[in-house]
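Full structure from sequences and hints, please.
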Amino acid sequence: MNNKLKSALIFCVIIVVFVSCDREVSVSDPQQYETGTAQLYISSIPEGALIFVDGKNYGQHTPDTVKWLTSGTHDFKLKLDSYLDFSFTKSIEENTEELYEHNFNTDPVNFGVIKFFFQILIIVLFI
Amino acid sequence: MIFILIISCEDDLNPFIKGEDVFIVNCILKNDRGVQTVYLSKNYQAENFDPKSNTEDHSIGNGFVRVFFKDSVKIFSDTLVTQNIDGNEKSFNSYINSNFLTKPNTEYELEAVLNDGRKLRAFTKTPNKVSFIPDSNNIIPPPDKNYISVGWSTVEDQLYSSARFKFIYFKNENGKQVRYEKEVPRTYVLENNVYVPYYPVPSYLQRINVEMIAFDRAMAEISEGDPDKKNYTILTFILEILVYDKNLTAYYASRSELGESFAITTNESDYTNISGGRGIFGSFIKQRFAVRFTHEYIKSFGYEPGLTSSINE
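Line by line, the protein sequences are chains A and B.
At position 104 of the first sequence (counting the first as 1) the number is 104 in the numbering used here, and the numbers step up by one without a gap.
Residues are numbered in the numbering used here as their position in the second sequence, beginning at 1, plus a constant of 127.
No lab work stands behind these hints: they were computed from the structure.
Watch out, some of these pointers could steer you wrong.
Only pairs whose alpha carbons sit at most 35 Å apart, straight line, appear in this in silico DSBU-like list of lysine-lysine [to be verified]: (1) A/Lys79 / A/Lys67; (2) A/Lys79 / A/Lys115; (3) A/Lys67 / B/Lys169; (4) B/Lys197 / A/Lys56; (5) A/Lys77 / B/Lys230; (6) B/Lys252 / A/Lys67; (7) A/Lys67 / B/Lys217; (8) B/Lys413 / A/Lys56; (9) B/Lys356 / B/Lys246; (10) A/Lys90 / B/Lys217; (11) B/Lys201 / A/Lys67; (12) A/Lys77 / B/Lys217; (13) B/Lys157 / A/Lys67; (14) B/Lys356 / A/Lys56; (15) B/Lys169 / A/Lys90; (16) B/Lys298 / B/Lys252; (17) B/Lys157 / A/Lys79; (18) B/Lys298 / B/Lys356.
These figures come from a predicted structure and were not determined experimentally.
Have a look at this one:
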């Protein structure tokens with residue numbers, strides 16, 4: 001009985017020794033970073049379209065590479081004088097380099113129908 | 128057993144242990160000049176408790192910094208700048224855009240990308256312009272009191288502002304008129320036979336009171352030791368008002384020890400509005416108003432008046 005009590009006591013002490021030193025020291029919350037590692041090369045015909053990403057003007061013109069994109073879905077818009085804005089959505093994965101090309105000249109939205117109406121007048125002259 | 132219990136938890140604590148890298152962005156957008164600067168740096172380990180004991184360059188180059196606003200963007204160039212700091216020439220990276228004038232009441236978003244793709248982001252909204260409260264008694268010197276008191280009003284009353292009087296003067300140096308500006312403190316206090324200037328600090332107050340003795344002393348100081356007072360031409364007196372955005376207001380409030388009874392004093396590093404890092408991205412709006420003055424006041428110092436005496440904003 002006495003031996004059992006001793007064993008139990010030693011067991012308890014060992015537990016206390018190990019558990020008592022278990023501690024976590026932190027003086028601040030770990031930093032949460034947003035990291036962008038993907039790239040998208042965007043070109044257009046004609047060149048020179050202004051690139052918007054997620055509604056922000058990136059100050060870049062086609063052809064150019066949009067760097068440091070975060071993974072996820074992004075909305076892109078290309079703005080070029082004399083053409084309607086072109087928007088597309090693209091899913092981006094980490095550490096990837098992709099290409100995207102847009103031809104404004106073949107985009108049907110930039111074509112329309114011009115209707116001409118003629119009225120033919122027949123004038124008969126009697127002399 | 129007791130011995131084991133006591134020594135088992137003995138652990139050396141080293142306060143100088145290298146921790147996680149923390150990246151820092153600092154930028155204050157100004158509306159009074161077109162050059163804006165962004166500083167990128169990271170935390171560092173000091174040799175002892177003096178932060179200046181580590182003299183390495185902690186600025187970060189090869190990053191990419193831009194500021195978005197409305198449908199526009201301003202891209203900052205990574206530039207190596209050399210400055211004299213504590214008597215030593217030091218070079219460090221900063222990000223500069225030399226063609227960026229901010230506008231009042233506009234939202235700006237800063238994005239700083241480090242060369243590993245890590246992004247730090249922050250927002251500021253520039254304050255609205257202030258309105259100067261006209262007062263016919265605001266003339267230097269005032270006819271019926273021994274201080275100048277000028278008030279202004281802002282659309283947002285929960286923002287800090289600060290104001291300072293200045294005067295612009297020319298000094299004849301070898302036949303050449305050289306332009307100077309002299310700031311007038313709120314007051315001077317005589318300490319150990321030396322007049323110590325006290326300048327206004329940012330606060331919620333929308334009024335500045337400056338004693339005339341402060342104007343008199345500042346006016347006298349520009350020609351101290353120079354008997355030829357005619358070499359000085361006083362051009363104009365101006366009141367400069369700075370209104371800080373809510374980030375700078377919070378920063379100053381966190382540092383203020385007196386005045387704001389509900390503010391809790393914290394260390395400088397405790398305030399940040401940078402997402403993904405530390406630092407401050409803020410803005411202020413600076414406006415200048417001309418203050419009327421009399422020729423007699425300028426002539427009483429022996430100086431020449433440079434403009435007509437009655438100037439309005």
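In rising order, the numbers of the hints this structure does not comply with: 9, 10, 12, 14 and 16
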